[in-house]
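Asks: Listed below are the residues making up each chain.
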Amino acid sequence: MKVASPARRFGPLRIVTVLVIATMVAAACGSSRKTGGSSTSGPSGTGGSSSVIDTSSCPAGNDSVGVNGDTITIGTSLPLSGTYAAFKAILQGEEAYFSYLNSTGGVDVGGKKYKINLVSKDDAYDASKTVTNVQSLINDSKVFSLFNVVGTKNNLGIRNMVNTQCVPDLLIASGAIQWGNTKYPWMLGSELVPYPLEMRAFVNYLKEKKPNATIALLKANDDFGQSYQESLQSLIKGTNLKIVQTQSYDSEGADVNSQVTSLAATHADAFVVGATLLACPAALNAMGSAGWHPITYMSGTCVSKLLFAAGGANSNNVFSVTPLLDPADPANNSNAAMQLYKTNMKKYQSSADATDGIVAYGWTTGALFAAILHASPSATRSAVMETARTLKPLSDVGLQLPGSTWSTSANDWFLGEDFRLIQYNVSQGHTNFIGPLIDDSGKAGPLSPTSLLNG
Amino acid sequence: MALFFTQLMNGIGNGAVYASLALALVLIFRTTGILNFAQGEMALYSTYLVWFFASHHVAVWLAILIAMAISFVGGSLIERVVIRPVEKASPLVLVIVTIGMFLALNSITQVQFGSDAEQLPRAYPSKTWLPAHVQISADTLVLVGVLILECLLLYFLLQRTRLGLAVRAVASNPESSSLLGIPVGTMLMLGWALAATLGALAGAIAVPASQPALTAASMQEVLVFAFAAAALGGFDSTIGAVVGGIIVGVAQSLTTQYIKSLSDMVIVVPFALILLVLLVRPSGLFGTQRVERV
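Read top to bottom, the protein sequences are chains A and B.
Just so you know, the first sequence maps onto residues 1 to 455 in the numbering used here.
Just so you know, the second sequence maps onto residues 456 to 749 in the numbering used here.
Calculated from the structure, these hints are not laboratory results.
Wrong hints could be hidden among the right ones.
Said to hold, decoys possible - Straight-line C-alpha distance at most 27 Å; calculated DSSO-like pairs for lysine-lysine:
1) 115(A) with 443(A)
2) 715(B) with 237(A)
3) 715(B) with 242(A)
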């Protein structure tokens, strides 16, 4: 009884002390997440109850898969054949970046250097092939993470797989906002501008220049096109802008002639091309043939020298957005990052066209991946995913726009929220900035239609 | 009304492409009784040849003529090397062989020419006229013009020359033709060679007119529509191929315009047409009905 009595006497004090300490720790963790500070703040930022990433239901031994000695193997699936084969240029940029990175000894993660081994598979933009490819990458190639898998429906197809198996699906090549759905924490979009922000920038431009404009919309008949349509519809509410006609086309092909003919007949003031790759110049050509000259906006996924060239004279003055420097603009040649990019493209991927924006995107996405790894306290899946989800502001990554930053936080899972509105000039052969840098940090989620965000 | 006529012109332009490829399908079916599922990919390979020569500073029209000549030789080689060993096999085997050729040719094209989207130069300037707000493009006029030229040349060759007579005789009855001393094998090779040549011309003109770039997938949808055209017109009728092609093209275009729910699924149109023809008139609008004495 004598032994037990002091414990009873100090019991309440101990409980209060523990509670106070627990509250302080929780507050510290909370503030750390708010400022995105967990990325390099050591192991305290990963795992456990303070994490964005819950690893409690992950398979045993999951965390270290894909790391062998000083090599981290990652995998990607993208169209290398078929109608969307031009996206092969992304891989050329990525491979050049990783070759360059490996030549410098690799990326430093938690004090140890790792080389990157990228395994790529062709899915011809077919979502079912993406599923097969990703199964093979996870089960056979034992990749650490997926990297820059191309396409909205393609990543939606693997969403359950990567989330139940706790495999990071990092830097998804799609600006759809579904990657901000908190039910799927193992996914993160790339630096591509989220489609609602693209639409916001264009709607703001229209509101200023032609507040009563009528809009014609062409959209792909998939989740990609749906993102543009729903964002546009919600953004023009309460304005004098009006969608006069929407036409959709089969995303498996690029034949949009009849659809654009029909849109042209509306004589709308503005034309939004919610399409990607070859359908973009096809839409511009059909628009030109119809003698229709609206203020035209084309998806950020179409920003490519090849695609603008395929649109010929019809590409002149077409608007879009970009988070990157245009490698086709000679004014950027003096930029050190551009010089590094062009030198290494020549060295490691000489057959690629380094002045193509799609190649530049691949290079930058590779650099962004390395930056996330570097910010991670250790080379484990959960630590890297946690870092990616709570990323401290990054600048000067690859060909990132000067002055812009990319970051995420527990409340904001979108990276590419800093960007600029651009306009293509045919005679110059490159894009020009329209207006200043747009900092839409934290706006992609709140602006997105809930049905899309959580869909 | 101007919009209706514009879509009609769009449809005629697309239909001319389908008709050109359908003509090639009919030619092979008439001479060898085979449905050539590889026809689109044969045209794809030929079109890449045009791009290859044009990108090596050969004038486009000359590049098309060279590609047509190579396709003529290639078509006869395909008949001699791939088809003839299995010509007596069951129809199912022949279907599998042509589907195999489809896959092989697509892969060979990508291996040889790469899988990048390539810009195929035009053989004529791009221009659009807008009389009474109806959009008429140079593409439509050229596509229709090339189709008419193909029809005239085929008519002249098959109906007005001894060679054409021999081809028709072999198509009609190979055994009797052989007894008459007509070299059946050579005539069959000629049928494939002509089909490959027609495909080359169709691809080289159609791709710059309707697609922003040449890719390994450029001919796949076109082949589906061409099959619908041939089935609609009758697989053994050249006139049927032309009429079928135009009907399919116009139906596709008007569906996009007037049936909004199908505007992104126009592929339904050829399937519906094939189904309708098979149910109502299995030999097609212009096809010959087989009569068998029992």
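Asks: Please work out if residue 715(B) and residue 237(A) have their alpha carbons no farther apart than 27 Å.
Replies: holds, 24 Å
Asks: Holds or violated: residue 715(B) with residue 242(A), Cα cutoff 27 Å?
Replies: holds, 19 Å
Asks: Straight-line Cα separation of residue 115(A) and residue 443(A) no greater than 27 Å?
Replies: violated, 35 Å
Hint compliance for this structure: hint 1 is the single one not met.
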